Amino acid sequence: MGLIELAAAKALASSAVFLFITLLMMASAKRISTCIVLFSVQSAIMAAEILAVAYAGKSVESYAVAALVIVVKVVAIPYLLFRIVRNLKASQDVASSTTGAQSVFIMAALILLSFFAVAPYAKTLRLDEDLLAAAIALLLAGAFLMVSRKKALMQVMGLLVLENGILLAALTTTFGMPLVIEIGIFFDLLMGVFLMGLFVFRIRDTFEHLDVSKLRRLRG
Amino acid sequence: MNLAIDVIQALMLIAIAPLVRGVIARIKARIQNRRGASVLRPYADLLKLFRKQDLVPDTASGLFRLAPVILFAVTATAAVFVPVLHASALFGVGGDFILLVYLLAFGRFFLMLGAMDGGSSFGGMGASREALVSALAEAPLLLALTSVAILTHTISLSGIVLATVQQYPLHLSAVYVFALGAMVLVAIAETGRIPVDNPATHLELTMLHEAMVLEYSGPSLALIEWASAVKLTLILALLVGVFAPWGMATGASIVGLVLASGAFALKFAVSAIAIAVIESSIAKLRMYLVPDFLGMASALAILAVAFTALMR
Numbered sequence: 001m002g003l004i005e006l007a008a009a010k011a012l013a014s015s016a017v018f019l020f021i022t023l024l025m026m027a028s029a030k031r032i033s034t035c036i037v038l039f040s041v042q043s044a045i046m047a048a049e050i051l052a053v054a055y056a057g058k059s060v061e062s063y064a065v066a067a068l069v070i071v072v073k074v075v076a077i078p079y080l081l082f083r084i085v086r087n088l089k090a091s092q093d094v095a096s097s098t099t100g101a102q103s104v105f106i107m108a109a110l111i112l113l114s115f116f117a118v119a120p121y122a123k124t125l126r127l128d129e130d131l132l133a134a135a136i137a138l139l140l141a142g143a144f145l146m147v148s149r150k151k152a153l154m155q156v157m158g159l160l161v162l163e164n165g166i167l168l169a170a171l172t173t174t175f176g177m178p179l180v181i182e183i184g185i186f187f188d189l190l191m192g193v194f195l196m197g198l199f200v201f202r203i204r205d206t207f208e209h210l211d212v213s214k215l216r217r218l219r220g
Numbered sequence: 221m222n223l224a225i226d227v228i229q230a231l232m233l234i235a236i237a238p239l240v241r242g243v244i245a246r247i248k249a250r251i252q253n254r255r256g257a258s259v260l261r262p263y264a265d266l267l268k269l270f271r272k273q274d275l276v277p278d279t280a281s282g283l284f285r286l287a288p289v290i291l292f293a294v295t296a297t298a299a300v301f302v303p304v305l306h307a308s309a310l311f312g313v314g315g316d317f318i319l320l321v322y323l324l325a326f327g328r329f330f331l332m333l334g335a336m337d338g339g340s341s342f343g344g345m346g347a348s349r350e351a352l353v354s355a356l357a358e359a360p361l362l363l364a365l366t367s368v369a370i371l372t373h374t375i376s377l378s379g380i381v382l383a384t385v386q387q388y389p390l391h392l393s394a395v396y397v398f399a400l401g402a403m404v405l406v407a408i409a410e411t412g413r414i415p416v417d418n419p420a421t422h423l424e425l426t427m428l429h430e431a432m433v434l435e436y437s438g439p440s441l442a443l444i445e446w447a448s449a450v451k452l453t454l455i456l457a458l459l460v461g462v463f464a465p466w467g468m469a470t471g472a473s474i475v476g477l478v479l480a481s482g483a484f485a486l487k488f489a490v491s492a493i494a495i496a497v498i499e500s501s502i503a504k505l506r507m508y509l510v511p512d513f514l515g516m517a518s519a520l521a522i523l524a525v526a527f528t529a530l531m532r
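Top line first, the protein sequences correspond to chains G and C.
Reading the first sequence from the start, the letters are residues 1 to 220 in the working numbering.
Reading the second sequence from the start, the letters are residues 221 to 532 in the working numbering.
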């Protein structure tokens, strides 16, 4: 039994580092498919974290949430996104408005910023500082991906990363939300990806490109 | 006894350097569905070059012949400071990572001088590109090593390795992870592998290292090739020693050394396979994207240094 406890503790302690790695790799990624794979990996790390919390708290609901994360975020959403990318037949480039090095620099700055942002709260509330900082970093990174990438699909990616941040923040501050709410959120997310997928197709059909920086005029 | 081990491990590093190159070339060939040359081919190449005539261009000065000798001597000296089987390297007390970094820079400086002295336009072009890459690679390399040094409270390489060996293996610090990321990117640029430089090409306008050595022949070329092989082995040993030193001998026992040799061979085999896979699956970057590539290394290295303050 000692081994599982050790593994659970390690998963919690070092998962923040792995989340930061996925964020930095997402910042340097040049292809949309790389970002999708990284999102899937990121969600898998989240699932491991929820499993560790479930094991520590002996809560059945958390196991269900972990299973939901694996089904929806690790498998279903990446699969859907891959299908969209394949059917769009557009180029794989994320069309970043910052260069790779700039993106990684900004992402590193965001990670440091989130550490400074959570430091006062983590001390008074006696929370895990690394994980809370990782949650804030995921939020900021999602927003950064949305504003800096011009390809319409990357806005969806940014939103998904942002949502991962909210899930992690909830997990570290309250040891997870009630199952009903989690199910609602996941359903929302899945529908959101469906709708945004349709929306991306409409953008391509109407404007013949996916560059959101060029969407300035109304077209019927 | 310790001194003997230190001498042996430094000589070993220099002696096996061509073999490491041969192994990487062989694995690469296998991945690309070719049979590939024997892993001992680099030794045969060196032997052949040493027996050939050394041609010097009419326009070149004495520096042209001197540069390869200095390059090899400096690289061999740097090899002495890298821990391989045993945590403390020869003169390990006096040498720190700053010396190692600048020994390598010194060698490269003379290689660039020699290339420009050769008088061909290719040499000058290659030298200016190499200067750009090395200027950009130096900062992240120093910063990444500095972050590890801050974490282990010592600037001597053997001290860093000793501190890491004695650490609990599962204790994963964010500093190590980011520093490793930066060091891997820098190592690719420093050793002239894909995606920064292509070691397998002679006739391309994008080449860096090969453009510099184009005018060299015979023993001079052999020394340069051997030195660059030693540099590749040395940087791999440095990566392995700083970030995955487990299995390295802490005392001077025979059993420990045998185990350390086994662990060393295993770790080198893994890194050779990793290099071959990366080189076969990635295309070379355009020259203008190399600063961007090394900028990522800088960002990671700065993050690693910042984390030494956060992860107290």
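If you're looking for bench data, these hints aren't it; they were derived computationally from the structure.
It should be emphasised that the depicted structure is a prediction, and the values quoted were computed from it without experimental measurement.
One or more of the hints may lead you astray.
[Claimed, not checked] Stretch-level coverage of chain G by chain C, calculated; a stretch enters the list once three of its residues show a Cβ under 8 angstroms from a Cβ in chain C:
#, stretch
1, 21-34
2, 84-95
3, 107-118
Don't be surprised by glycine CBs; every beta carbon is placed ideally from N, CA and C.
Hint check:
no. : hint    : verdict
1   : 21-34   : holds (count 3)
2   : 84-95   : violated (count 0)
3   : 107-118 : holds (count 5)
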